Structures are given as structure tokens and as C-alpha cells.
Amino acid sequence: MNFAAQEVMKSFTDIVMSYGQSDECSFVFKKSTKVFNRRQDKIMSCVLSLFSSAYTYGFADFFGGEDQGGFTRPLRIPSFDGRIVLYPSLDDLKAYINWRQVDCHINNLYNTTFWALVNKGGLSNAEAHKRLKGTFSKDKHEILHSQ
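Counting in this note's numbering, the sequence shown runs from 33 upward without gaps.
Since the hints were made in silico from the structure, they are not lab data. Since we're looking at a predicted model, the values are computed, not measured. Hints are all accurate, no fakes.
Computed cross-link-like contacts, DSSO-like style, restricted to lysine-lysine with a CA-CA straight-line distance of at most 27 Å:
1) LYS62 - LYS126
2) LYS62 - LYS74
3) LYS126 - LYS66
4) LYS170 - LYS152
5) LYS66 - LYS42
My request is simple: use the sequences and hints to build the entire structure.
Structure below.
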């Protein structure tokens, strides 16, 4: 996903930052951008198309898959959805990026704890999921420190 985001940023020079986590990537355009006369549908379709193409193009460099005569391809065709949000202020944009970072931390903590229970604790995937159901961050930290 980083490769795909970099390719988008090379093509759209009015993007000042991107933030990716999980299966999502956010792009922040300059407030003054004039790309495609600020037509939201055009911006979204072109960014999304380039991102999807770059992801597929770079896939073999980062992941394995079925060997097709020297070309490694994804086992499934990747696809992404998209949306454009116009934030009314820089503070609102910062709050959004902050929320994305918090969400990333929550997901990372869950996944790190889940795989610690499976790989170090000997639980099955179903058992690890059941063990984590209803837990809070402090509970996950305790599990990690006890493994």
C-alpha cells in the first residue's frame, strides 16, 4: 500500500500527505488545489484508479502468489473503495488524522495480542478471538506482558 500511495503522490503533486493503515489510505490535497478544477468525482476516480493499478503493479515485489511463468500475481483481484471528504478547517483535518492514528493503534494492539495468544499461548484462532472478546486496551497489555 505504501508503494501505491507513493505512486499516487508522484502523479498528484498537490497531495501534501497520505496516511495508510489496514485497507485504507487517506490523501490530503492542498487547500488551494486546482486539480481537475476540483471536480470531486474526477479526483476520486483518478486517484482510486491509479492507487488500484499501482497496488496490483507492485504486488509481486512485496507479496507471494501464484507463479505464472515468472510473474507472481495476487490470489484475488484487489479492489478499493473511495470517498472525498471536505473538512471545513485544519483543526477538523487534524482531528481526522488523529482518529485514524488512534484506530490504527487499537487495531494493532488487538492483532498483536491475538497472534501472541496463538503463537506463544498455543490457542486456536477461535480461542484467541473468544479470549479477546470484550477486552479493553489495559487487558490486552496485561495479556501481552504475561505471554
